[in-house]
Amino acid sequence: MKLWENIINKASLGSGKEPLKSADLPEIIEQEFALSDSSDQEEDFLRFSSLVYQFRQAGWLPLNFKAITQIESENEIKSYCSLKANGALRAILEEGVIPFLKLWLKLCASREYCVAPEMIPELFEIASRRKELRKLILNVAGTRGEWLCQLNPQWNFSSPSSDQNTIWQTGNPEERKELLRDLRASNPGEALELLKTTWATEGANEKLTYLEILRVNLSASDLTWLEGLKEKGQKVNAYILDLIKSFPTSAIVQEYSDVLKNAINIKKGKALLGMINKTDLDVKENLSIADAIFKSGIEKLSSNKNVSDNQYILVQLISSVPPSFWNDHLQLSTEAVIQLFQKEKQTALYIPALAIASIKFKVVEWAKCILDHGDDAIINSSIPLLINSLPAKDRDIYARKWFKEKPREIIQVMIEHEEEWSVDLAKSIIQYTANEVYAYNRSFYRPAATLIPLSILDSLDSFTPSEEQKKVYWKTQSDELARLLTIKQQTLQSFNA
Amino acid sequence: MNFSEEQILSMAPDESSKKSGKELANTSKWVKRQLSVRALWGECQGSGKLPYQTQVDLVSVAFKCSCPSRKFPCKHGLGLLLLYVRDKKAFSSAAEPEWVTGWLDKRGERDEKKAEKKEKEKKVDPAAQAKRQENRLKRVEDGMMELRLWVKDIIRNGLLNIPGKDPAFFENMAKRMVDAQAPGLASMIRSLRDTNFFQEGWQSSFLDQLLRIYIVLDGFPRISDLSPELRDELKTLVGFAQSQEEVKAEAGIRDDWFVLAKRVDKEDNLTTERNWLYGRKSQRYALILQFYVNGQVPEVNLLAGSCVDAELVFFKGANPLRALIKEQISVTSNPAIEGLKNWKEISLYASQVHTINPWINKLPVIIENVVPVKANDRWILRDENGDGVMIHHSFQNSWKLMAISGGKPLRIFAVGRENNFEPLGAWIDNQYKMLV
Numbered sequence: 046m047k048l049w050e051n052i053i054n055k056a057s058l059g060s061g062k063e064p065l066k067s068a069d070l071p072e073i074i075e076q077e078f079a080l081s082d083s084s085d086q087e088e089d090f091l092r093f094s095s096l097v098y099q100f101r102q103a104g105w106l107p108l109n110f111k112a113i114t115q116i117e118s119e120n121e122i123k124s125y126c127s128l129k130a131n132g133a134l135r136a137i138l139e140e141g142v143i144p145f146l147k148l149w150l151k152l153c154a155s156r157e158y159c160v161a162p163e164m165i166p167e168l169f170e171i172a173s174r175r176k177e178l179r180k181l182i183l184n185v186a187g188t189r190g191e192w193l194c195q196l197n198p199q200w201n202f203s204s205p206s207s208d209q210n211t212i213w214q215t216g217n218p219e220e221r222k223e224l225l226r227d228l229r230a231s232n233p234g235e236a237l238e239l240l241k242t243t244w245a246t247e248g249a250n251e252k253l254t255y256l257e258i259l260r261v262n263l264s265a266s267d268l269t270w271l272e273g274l275k276e277k278g279q280k281v282n283a284y285i286l287d288l289i290k291s292f293p294t295s296a297i298v299q300e301y302s303d304v305l306k307n308a309i310n311i312k313k314g315k316a317l318l319g320m321i322n323k324t325d326l327d328v329k330e331n332l333s334i335a336d337a338i339f340k341s342g343i344e345k346l347s348s349n350k351n352v353s354d355n356q357y358i359l360v361q362l363i364s365s366v367p368p369s370f371w372n373d374h375l376q377l378s379t380e381a382v383i384q385l386f387q388k389e390k391q392t393a394l395y396i397p398a399l400a401i402a403s404i405k406f407k408v409v410e411w412a413k414c415i416l417d418h419g420d421d422a423i424i425n426s427s428i429p430l431l432i433n434s435l436p437a438k439d440r441d442i443y444a445r446k447w448f449k450e451k452p453r454e455i456i457q458v459m460i461e462h463e464e465e466w467s468v469d470l471a472k473s474i475i476q477y478t479a480n481e482v483y484a485y486n487r488s489f490y491r492p493a494a495t496l497i498p499l500s501i502l503d504s505l506d507s508f509t510p511s512e513e514q515k516k517v518y519w520k521t522q523s524d525e526l527a528r529l530l531t532i533k534q535q536t537l538q539s540f541n542a
Numbered sequence: 003m004n005f006s007e008e009q010i011l012s013m014a015p016d017e018s019s020k021k022s023g024k025e026l027a028n029t030s031k032w033v034k035r036q037l038s039v040r041a042l043w044g045e046c047q048g049s050g051k052l053p054y055q056t057q058v059d060l061v062s063v064a065f066k067c068s069c070p071s072r073k074f075p076c077k078h079g080l081g082l083l084l085l086y087v088r089d090k091k092a093f094s095s096a097a098e099p100e101w102v103t104g105w106l107d108k109r110g111e112r113d114e115k116k117a118e119k120k121e122k123e124k125k126v127d128p129a130a131q132a133k134r135q136e137n138r139l140k141r142v143e144d145g146m147m148e149l150r151l152w153v154k155d156i157i158r159n160g161l162l163n164i165p166g167k168d169p170a171f172f173e174n175m176a177k178r179m180v181d182a183q184a185p186g187l188a189s190m191i192r193s194l195r196d197t198n199f200f201q202e203g204w205q206s207s208f209l210d211q212l213l214r215i216y217i218v219l220d221g222f223p224r225i226s227d228l229s230p231e232l233r234d235e236l237k238t239l240v241g242f243a244q245s246q247e248e249v250k251a252e253a254g255i256r257d258d259w260f261v262l263a264k265r266v267d268k269e270d271n272l273t274t275e276r277n278w279l280y281g282r283k284s285q286r287y288a289l290i291l292q293f294y295v296n297g298q299v300p301e302v303n304l305l306a307g308s309c310v311d312a313e314l315v316f317f318k319g320a321n322p323l324r325a326l327i328k329e330q331i332s333v334t335s336n337p338a339i340e341g342l343k344n345w346k347e348i349s350l351y352a353s354q355v356h357t358i359n360p361w362i363n364k365l366p367v368i369i370e371n372v373v374p375v376k377a378n379d380r381w382i383l384r385d386e387n388g389d390g391v392m393i394h395h396s397f398q399n400s401w402k403l404m405a406i407s408g409g410k411p412l413r414i415f416a417v418g419r420e421n422n423f424e425p426l427g428a429w430i431d432n433q434y435k436m437l438v
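From first to last, the protein sequence lines stand for chains A and B.
According to the working numbering, the first sequence holds residues 46 to 542 in order.
According to the working numbering, the second sequence holds residues 3 to 438 in order.
No wet-lab data here; the hints were simulated from the structure.
One should not assume that every hint holds.
[What the hints assert, rightly or not] Covered stretches of chain B (chain A as the covering partner; in silico rule of three or more C-beta atoms under 8 Å from a C-beta of chain A):
| hint | region |
| --- | --- |
| 1 | 17-29 |
| 2 | 250-261 |
| 3 | 356-366 |
Virtual Cβ for every residue (Gly too), placed ideally from N, Cα, C.
Based on the sequences and whatever the hints tell you, model everything.
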């Protein structure tokens, strides 16, 4: 309304400088103004502009937006999640517990539901900050989510901006890394082929990053390529060698096996005046070893005064060959090999190296056997690592078995995985953390709550620290855990109903 | 009664109460959980020897608990009601124990006693009262003369100087109006002070408010020439308060009142609660205002998105919106509501309202079939004819509204004026979603 703009302009400058004139008013008021015989400019201004104000208010009309176009969202194909599930999601977002959000999103996607539309913007805001949640969120955002992604450029993460090759050739380091990581997870061979196309032109730091990504889903085709690489950079070469060494069939691992075949063998003898047979390990520590072995990363000098240089070389070699080598070489079962190594002090020092090998080559049977039959040295050195290398079910069993010996380390291992703990393990952990409540506070329980089974909720009051001064703090902690478990319960129930 | 968790949590006095309430929404925390038609109650084991007795009035949503907390509602009340909403089966039907019956009956008696007390207070000397009124009128008129000069000074010197003024420029005049026993004018001046001078076009809203003040100043000396409704409106604007008892003594409108929105603003120690209601049968909007300081209990608890069968009585005025709940009978199921068809109808309705009452600032409206649209970084609410208004720049949830709509037309509840409205709620598949 131009008339009003005029009045605003005059009011801004002040009636002292710009008095109101009849031409500034609508026709209908103009005549009244002309008749006014007041000499008070301010009074005139206020009287007549208040008339225009009312004139404007009583006669406003909506604006015309016919020309603006906007497409509608397609109808939703999936059903919306229940009101209860929506309530649980709201509670999770209010609490800001990301592990619960992951759980909720996975459950929603697995039941083929989509989230209520009003929740999508909040979820997309989270997705724009946390890349790891994008796929999960897009899975439940439905067609409404796709539509919103097209409208808001900041949320346009549903459709890739360009094809793989373009991203790989022209994308920024972060985009390239993400592309290679995703491809390696879904199609390892294709990821390798993509990397090969630009490998020669990549810088040392990029090469290290991409080699790290290749560590996932390693296969024989990777080995051929890795063994053929000739790099100038020391760090890159060392990393390549490390990757190659993780293949039991690689030439270097074969060379290590050959050295060990000569160095450690079974020695049969008699004991108790020849009445019984005796089997020992014969370790030839003073073997001459080819230079190529040392060039592959095996160090010559020991930094431990209790371990000789030759023993240290053997320790490194044992930890670099698959433990099944010993079953074949000594023709003994895993348990028998371990017992044989543990028989003498001189050979027992190699047991930790066997543990490292079983972890490195992911040989579950060996890891379990070492945990079952290993000696104290093993307990002190490798328990958390061995437990960490086990599949979920076994991990829980062994975590329970060794919890008393290494509680902190085992908690550290168990919190890193996504599988729910058994009730017994959860009880042990909660009781321990209740006693150590200053160390295991809110930041521990927020992620841990997703791993604790719901049945703990009923017995939560039974856990209490032994020291009186810790009880009040634990009560707060316990209440928070109860609230978190209730959210978990709500989430699970809402999708199971 | 079908409350959502969101509605219940909106009653929590602070974040920690919300959290604690959620912790207590668990059957294991409650020794006893029972309900009757008008209430639910339970016993929660706290740190004391005896469990806390918690009760919730389901008819007019009120809480009572034997815990020592000064917060209202306390975590036990919130937890019990949350638990009820989550799992109704966790509550067994039972006869109300004495501590519940006693409280519910007392609540009814209290209102009656209040009315009796006021009745006694009413007996005043009419001559003294007339003298007091005369004195007050004189003070108000003197104050108004000063205010008129102040307004004229602003107009003479120009609005461009205003953002550089010290806040005392406004506050001194507001205080002067308080001294002159015109608190309504003081509050209008404080609205001027609160103008966002960094917002583009602030001059227009500032001048609007200045002119509203001027219309009061210009109209008051001629108050006897005005209609009784405008007379009441003008007196209220100056600050002649209508007592709640007098208002409640008038005939009310019984209707199914749908609670469209609840806005809570806290400033210093004072909480201001604005509840927008819409009567299904009367098709009237009502604004229930509540003011309370920290630790004080609001008289009524209204949950946005719920519907109450209640008798409302409006304050006197021209097209009044402000009302009081005279009697709340029960909570009912959400009614079918129909709004005006398009923005042109809203414009016509606004014209009618402004003809009756020139001071009305923001209008509540329900409008059918509007689509939120984003164009040139501005959000628009467009109707089926292609006409529209801007969404107020302070509205933060435009993407939420967009997500709810999916580009399809919605029925919306909004508050605003001319070409600027703020959507506060929207219906989707006959379900009401709050937007703030």
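Can you list which hints this structure breaks, lowest number first? The structure breaks only hint 2.
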